[in-house]
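**Student:** Chain by chain, the residues:
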Amino acid sequence: MKYEAVIGLEIHIQLNSATKMFCDCANTPGDDPNTNICPVCLWMPGALPVLSREVLEKATLACLALSCDIQNESAFDQKVYYYPDLPKGFQLSQAHKPLARNGWVEIQDEEGKPKKLHLHHVHMEEDVAKLVHETEGRIPISLVDFNRAGTPLIEVVTEPELKSPYDAMEFLKAVRNQVRYTGCADCSMESGTMRCDANISIRPEGSDQLNTKVEVKNMNSIHHVGDAIAYEIKRQIDCINSGEIILLHTRLWDPEKHVTVAMRAKFEGPCIPDPSVSEIVLTETWLEEIKSILPEMPAQKVKRFVKDYSLIHDEAVLMSSERKLSEFFESVVKLGAQTRMAASWIATQLLPALKVHDQTLADSVVTPERFAGLIKMLEKNEINSNSAKSVLEKLFDTDKTPEEIVEKFGFRQVSDTTELEKIVDKIISDNTSAVNNYKNGNKKSIGFLVGQAMKVSHGKANPKIIQELIRKRLS
Amino acid sequence: MKSEIFTYLNASSPTLMDGPMSGISVAIEPNISVKNWPTNAQSIALENYVALEDSTLVERLRNAGATLKGRTSMSELGLGLNNDTGGDAIKNELSDVVLKTDTTGETRMAAAVCECFGFKPSYGIVSRLGMIGLVPSMESCGILSDSLQTISETACIMAGSDKPDSSIDESGIDRAISGFKKPEKLQDRHISAGIIREWDTGKSKEFEQAMTILRKAGIQIEKISIKDFSLARTVHNVIGTVEASSSAGRFDSVRYGHRTSGSVKNWNDMYIKSRSESFGPLVKAYLFQGGYFQYKKYNTFLDACRIRACLIESINKAFETVDIIVLPVSVRAEASAEKPDTVTDLYDSFSLTLLANLTGNPSISIPGPVNVNGGRPAVQLIGQRFDDAHLLTIAEHISKIFTGAM
Chain A
1 MKYEAVIGLE IHIQLNSATK MFCDCANTPG DDPNTNICPV CLWMPGALPV LSREVLEKAT
61 LACLALSCDI QNESAFDQKV YYYPDLPKGF QLSQAHKPLA RNGWVEIQDE EGKPKKLHLH
121 HVHMEEDVAK LVHETEGRIP ISLVDFNRAG TPLIEVVTEP ELKSPYDAME FLKAVRNQVR
181 YTGCADCSME SGTMRCDANI SIRPEGSDQL NTKVEVKNMN SIHHVGDAIA YEIKRQIDCI
241 NSGEIILLHT RLWDPEKHVT VAMRAKFEGP CIPDPSVSEI VLTETWLEEI KSILPEMPAQ
301 KVKRFVKDYS LIHDEAVLMS SERKLSEFFE SVVKLGAQTR MAASWIATQL LPALKVHDQT
361 LADSVVTPER FAGLIKMLEK NEINSNSAKS VLEKLFDTDK TPEEIVEKFG FRQVSDTTEL
421 EKIVDKIISD NTSAVNNYKN GNKKSIGFLV GQAMKVSHGK ANPKIIQELI RKRLS
Chain B
1 MKSEIFTYLN ASSPTLMDGP MSGISVAIEP NISVKNWPTN AQSIALENYV ALEDSTLVER
61 LRNAGATLKG RTSMSELGLG LNNDTGGDAI KNELSDVVLK TDTTGETRMA AAVCECFGFK
121 PSYGIVSRLG MIGLVPSMES CGILSDSLQT ISETACIMAG SDKPDSSIDE SGIDRAISGF
181 KKPEKLQDRH ISAGIIREWD TGKSKEFEQA MTILRKAGIQ IEKISIKDFS LARTVHNVIG
241 TVEASSSAGR FDSVRYGHRT SGSVKNWNDM YIKSRSESFG PLVKAYLFQG GYFQYKKYNT
301 FLDACRIRAC LIESINKAFE TVDIIVLPVS VRAEASAEKP DTVTDLYDSF SLTLLANLTG
361 NPSISIPGPV NVNGGRPAVQ LIGQRFDDAH LLTIAEHISK IFTGAM
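Which chain is which? The protein sequence lines are A and B, in order.
Residues 1 to 475 in the numbering used here are what the first sequence lists, from first letter to last.
Residues 1 to 406 in the numbering used here are what the second sequence lists, from first letter to last.
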């Protein structure tokens, strides 16, 4: 029998608010252990939680970016279980009345066709502390770092409608891009600010039943998610084929061995409404305010870039793929650079150069002003593209403007005809065989002659004018 | 006597701050945080715990010039009245005021035992920050005193908004405070008191006599309906234990409190051993029931929440026609016998006081008319939520009727 997979994802995203969710402690879990703690996040006797307004705003923005229906009323529940990293004996989460329901993101399926994947809901919850296991002499000890306790998370829960590891990976990228765009979260699986658990079951192809699922955790990159799901689907099919029964349980992905390993029976603890955090009631005015600060999302941006800047679709997609990139592109264009030339130079020259210099658009010495200056000179034929590449390289080494660099290093393109004619004269007399070839009908050899002329001019000659002059002289 | 009533006496010199509470001594149960005072809530779970900060209500009293006297003894984590000495401190005139958490009616019952006044303010006007309780949605800081005037002054100082406490009701506070600030004159006013139709007054001869006295004094007594009144006890039991089970989750021995000194195999073992050494039998039974409703009977809990909402609706409706609701504090002959050992005992004792905890209404226990034994079985008055001052004014009036002063 042929089987198909049913996959649902639960994605935890750490919000980058200044403070934790229910207290004023800094939301910087990586600081020295137990430096960002207070009676609330340590849950000392008599402490009371108060939901941070900034966290609520950022969570709402993220939900809007995922096209969710924001709920006018939502509330916190207590997810009860005991673990040393959980100070309260319960986790404040939103099981019964989440902040947002529904929602979707669009991916391209394996044939390149657009496909919508739907969310069940998005809720807020607090993160737990971090356990550190060490030894004191020969005695194993466990330490708890509460810096992370109470930091804000949103959990994105999909409908069980993903079909393949490919779907899952594309979905994660789409969610990451959308949420990153809001500026509310970093969404890095590698550094743990985005974490993904996958629920996987299989069923006979074409069936609509939902069978017992297995939960897989511990994937630290989007690729691991794909690999773990692929492995798990195969494992479950093998199980069924050898007559075994799939049990509801949790497995861990082992990235070294490329297998999933059974961890424990899936635990569903009690979940009851929390009496201390007040219910969240959103007003229409507040929600409108949040909607107004939601930045333009990539899909709209692509349309606008095509319409306003005459980019072709793929260029627009590329320039919209990250918010910082799209902002850089627009700044450069607003400074007067030609749009498609700017897009293509950002994509093919600037981004690779940034990688080499270990800089990002946000912190790079190549500001939109300097980059636009470079493109404008290129556009006006003041420099040719070879020189432009050299100028770009120099932009990283000095704080001079591109115009100053061109002057100082003599990159200015030579377009003065009298000067160029001298070069052409020399090339024609030095390369008789190529000249004869051309005259005998081999038009391709003009390329060789132009190349020679560029060499003589040390790359500064305007290649278009050179070609024009040679053609005229040999006709 | 003194040393038995107080578990801790404030050694530092009395506060010199001048204010409305100057000269008034206040004893505080050990579950209400006072900076640098032992604050163990009378539980091994918090043995040797010393509060880091004042609770908001203590800070307000301190700033108003109150003399913070020391700690009285209480029942473990505020459930019931075992080992309670709050009332004794008033009876023996060792303190003007005792502050005591009221979760099922403890303040009012303690007052009944010691024949003083016991007041539970409206839920949501006094900050709970720094109060260590088990049932966040029902507990209020109650006030014991033999002077209604002092209770009124103390409540007025304690009430006020507090950002960290989300259960504070801002508009309710405004209403309550303006009530305290403008005391009303009752002379020309006609007072109506409601008796709950669903509760059989015949269960208490003394209560019937008290009502006769009130009627004769011109107070209109009428029947009002609190539908589902008979379920209130069960509703409190279900919701109270569920909340308590979660609230006690903090006592896990990881960050503070009692950790077992015995050897443990793993975390779970550490939890189980530490927690079984931490709690007494009543608290254990209470938490266990809560765990059961959380885990196995969640729908029962939801039903209880719905009935609670109906009870609030009924009581609000009743206050459209009456000023106060009257009930006995206890139906037992001897209020001093209220020392529960089991959860059933607890709810048997507090079956009439817990309604106000469920609905958040202010409620006060006042000594009733003298009976044949020379005792003064207490009468409980319940007021409209946030009309605390109005309730206290009526309590003053009724108290005078009972003592024959009017």
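Simulated from the structure, these hints should not be mistaken for lab results.
Hints are supplied without guarantee of correctness; some may be wrong.
Pairs of lysine to any residue, SDA-like flavour, derived with a Cα cap of 20 Å [unchecked claim]:
id: 1; chain 1: B; residue 1: Lys163; chain 2: A; residue 2: Ala26
id: 2; chain 1: B; residue 1: Lys297; chain 2: A; residue 2: Pro273
id: 3; chain 1: B; residue 1: Lys296; chain 2: A; residue 2: Ala265
id: 4; chain 1: A; residue 1: Lys130; chain 2: B; residue 2: Lys273
id: 5; chain 1: B; residue 1: Lys35; chain 2: A; residue 2: Cys38
id: 6; chain 1: B; residue 1: Lys163; chain 2: A; residue 2: His133
id: 7; chain 1: B; residue 1: Lys163; chain 2: A; residue 2: Arg304
id: 8; chain 1: A; residue 1: Lys130; chain 2: B; residue 2: Tyr256
id: 9; chain 1: B; residue 1: Lys265; chain 2: A; residue 2: Leu131
id: 10; chain 1: B; residue 1: Lys265; chain 2: A; residue 2: Tyr83
id: 11; chain 1: B; residue 1: Lys163; chain 2: A; residue 2: Ala75
id: 12; chain 1: B; residue 1: Lys265; chain 2: A; residue 2: Tyr81
id: 13; chain 1: B; residue 1: Lys297; chain 2: A; residue 2: Tyr81
id: 14; chain 1: B; residue 1: Lys297; chain 2: A; residue 2: Pro275
id: 15; chain 1: B; residue 1: Lys296; chain 2: A; residue 2: Tyr82
id: 16; chain 1: B; residue 1: Lys265; chain 2: A; residue 2: Glu136
id: 17; chain 1: B; residue 1: Lys273; chain 2: A; residue 2: Tyr82
id: 18; chain 1: B; residue 1: Lys35; chain 2: A; residue 2: Pro39
id: 19; chain 1: B; residue 1: Lys265; chain 2: A; residue 2: Glu54
id: 20; chain 1: B; residue 1: Lys265; chain 2: A; residue 2: Pro84
id: 21; chain 1: B; residue 1: Lys296; chain 2: A; residue 2: Tyr81
id: 22; chain 1: B; residue 1: Lys297; chain 2: A; residue 2: Gly269
id: 23; chain 1: B; residue 1: Lys163; chain 2: A; residue 2: Glu136
id: 24; chain 1: A; residue 1: Lys97; chain 2: B; residue 2: Ser137
id: 25; chain 1: A; residue 1: Lys380; chain 2: A; residue 2: Asn437
id: 26; chain 1: B; residue 1: Lys284; chain 2: A; residue 2: Asp425
id: 27; chain 1: B; residue 1: Lys163; chain 2: A; residue 2: Cys38
id: 28; chain 1: B; residue 1: Lys265; chain 2: A; residue 2: Leu143
id: 29; chain 1: A; residue 1: Lys266; chain 2: B; residue 2: Tyr295
id: 30; chain 1: B; residue 1: Lys273; chain 2: A; residue 2: Leu351
id: 31; chain 1: B; residue 1: Lys265; chain 2: A; residue 2: Pro273
id: 32; chain 1: B; residue 1: Lys163; chain 2: A; residue 2: Ile280
id: 33; chain 1: A; residue 1: Lys130; chain 2: B; residue 2: Gly249
id: 34; chain 1: B; residue 1: Lys296; chain 2: A; residue 2: Cys271
id: 35; chain 1: B; residue 1: Lys163; chain 2: A; residue 2: Leu282
id: 36; chain 1: B; residue 1: Lys273; chain 2: A; residue 2: Ala26
id: 37; chain 1: B; residue 1: Lys265; chain 2: A; residue 2: Asp238
id: 38; chain 1: A; residue 1: Lys266; chain 2: B; residue 2: Lys296
**Student:** Which of the listed hints are not met by the structure?
**Tutor:** Hints 4, 6, 7, 19, 23, 25, 26, 30, 31, 36 and 37 contradicted; others consistent.
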